[in-house]
Amino acid sequence: MDQDHRFEQALRQYIIGFVLALALTGVPFALVAWGKLPGSVTLLFVLLCGLTQMVVQFRYFLHIDFTQQKREDLLLILFSTLLLAIMAGGTIWIMTNLAHRMH
Amino acid sequence: MKGEAVRHPGINLGDDHGEAHSAAETLVFGFWVFLMSDLIVFGLMFATYVTMLTPNSFAGGPEPKDVFNLGSAFAQTILLLLSSLAMGFAGLALRYKHSVVRMNIWLLISLFLGIGFLALEINDFRDMIEMGAVPSRSGFLSAFFGLVPLHGLHVTAGCIWIVIMLIQLRVFGPNTVVKTRLLRLGLFWHFLDIVWIGIFSIVFLGGLA
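Top line first, the protein sequences correspond to chains A and B. For the first sequence, the positions run 1 to 103 when my numbering is used. For the second sequence, the positions run 1 to 209 when my numbering is used.
Read the hints as simulated data drawn from the structure, not as lab findings. Being a predicted model, the structure only gives us computed values, none of them experimental. Check before you lean on any hint, since a few could be wrong.
In silico SDA-like cross-links for lysine to any residue, where the CA-CA straight-line distance does not exceed 20 Å [unchecked claim]: (1) Lys65/B to Phe45/A; (2) Lys65/B to Leu47/A; (3) Lys65/B to Pro38/A; (4) Lys97/B to Phe7/A; (5) Lys36/A to Leu70/B; (6) Lys65/B to Gly39/A; (7) Lys36/A to Lys97/B; (8) Lys65/B to Thr42/A; (9) Lys65/B to Ala10/A; (10) Lys65/B to Ser40/A; (11) Lys97/B to Asp65/A; (12) Lys97/B to Ala10/A; (13) Lys65/B to Trp34/A; (14) Lys65/B to Thr54/B; (15) Lys65/B to Ala30/A.
Only part of the chain B face toward chain A is listed, based on derived beta-carbon distances under 10 Å [as the list claims (entries may be wrong)]: (16) Asn12; (17) Ala47; (18) Gly71; (19) Leu81; (20) Ser84; (21) Leu153; (22) His154.
Backbone N, C-alpha and C define an ideal beta-carbon position, used for all residues, glycine too.
Given only the sequences and the hints, what does the whole structure look like? Please build it.
Next comes the structure, spelled out in structure tokens:
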């Protein structure tokens, strides 16, 4: 009985996550297909939707949140994200800067 | 799930699974270390791809607008999302000790959706190669074929992993080893869908916006 209740709760989490992910997929695709907004506005919106959907999937499919995680697990994920942000952000910054100078 | 001790990120088996629940703690943590290093690999492939979007890198060859197919990218996205959801349901069937048959069905659905995704993706690659957009044509295409098929390769590995788990479920039944492997398979599959969000946002939508 208690187990059934827990299952339904957990199931609801997946359904919520799925519906949110579907919306966050459909809207950017529709915007690009529509193609009436300026490119940079569309791009910004696409990236925002993408980031939001990553958070949604981490939260609802991988069950990561800030309240009930064990400390080292959360640290692992946050530290990897930080490393990635430094390396990917730094690469893009430096290389696009170089590309501009080459013109 | 609130109130019970959470031993690792991702769906937890829970105390009623006894030994498997405690065994999962270190195994799943180790798998997260792998996932996060894989995330760094993908992230740097993304960084390389983005730096290859300048006019110089197209080398007079095809540009993103010429080679990407929005409809196909959308279909692939939906297939992978549904597959990820089916894998989530398989995880729930495992966690709440539903019948093995139910778990098998969700795993099979997840597998077929994954194969459908791969079929569409391979079809797209073939179209690109036919129009002369081969990896050696330009820096942009090299980076594209480094990033997107790398994800496809992961999905292929995941499909093989699902088949292996279906066999192990049949041979061994849901014992401790099989259960903790299924937990890690679920994490891997959800992780691949998260990487795909980056791919469709940056590569396909970014290229066509």
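Right, here's what the structure says about each hint:
1. Lys65/B to Phe45/A: Holds, at about 19 Å.
2. Lys65/B to Leu47/A: 18 Å, holds
3. Lys65/B to Pro38/A: With a Cα-Cα distance of about 15 Å, the restraint between Lys65/B and Pro38/A holds, given a limit of 20 Å.
4. Lys97/B to Phe7/A: Holds - the C-alpha atoms of Phe7/A and Lys97/B are around 10 Å apart, at most 20 Å.
5. Lys36/A to Leu70/B: 16 Å, holds
6. Lys65/B to Gly39/A: 12 Å, holds
7. Lys36/A to Lys97/B: 50 Å, violated
8. Lys65/B to Thr42/A: Holds, because 15 Å separates the two Cα atoms, which is no more than 20 Å.
9. Lys65/B to Ala10/A: This hinted pair is violated, its Cα atoms lying about 41 Å apart.
10. Lys65/B to Ser40/A: 15 Å, holds
11. Lys97/B to Asp65/A: Violated: Lys97/B and Asp65/A sit about 25 Å apart, past 20 Å.
12. Lys97/B to Ala10/A: Distance ~14 Å between Lys97/B and Ala10/A Cα, so the pair holds.
13. Lys65/B to Trp34/A: 15 Å, holds
14. Lys65/B to Thr54/B: Holds, because 13 Å separates the two Cα atoms, which is no more than 20 Å.
15. Lys65/B to Ala30/A: 16 Å, holds
16. Asn12: Interface hint status for Asn12/B: holds (8 Å vs cutoff 10 Å).
17. Ala47: Since the shortest Cβ distance to chain A is 4 Å, the answer is holds.
18. Gly71: 9 Å, holds
19. Leu81: 6 Å, holds
20. Ser84: Status holds, d = 6 Å.
21. Leu153: Violated: closest Cβ of chain A sits about 20 Å from Leu153/B, beyond 10 Å.
22. His154: 16 Å, violated
Consistency note: the structure conflicts with the earlier hints numbered 7, 9, 11, 21, 22.
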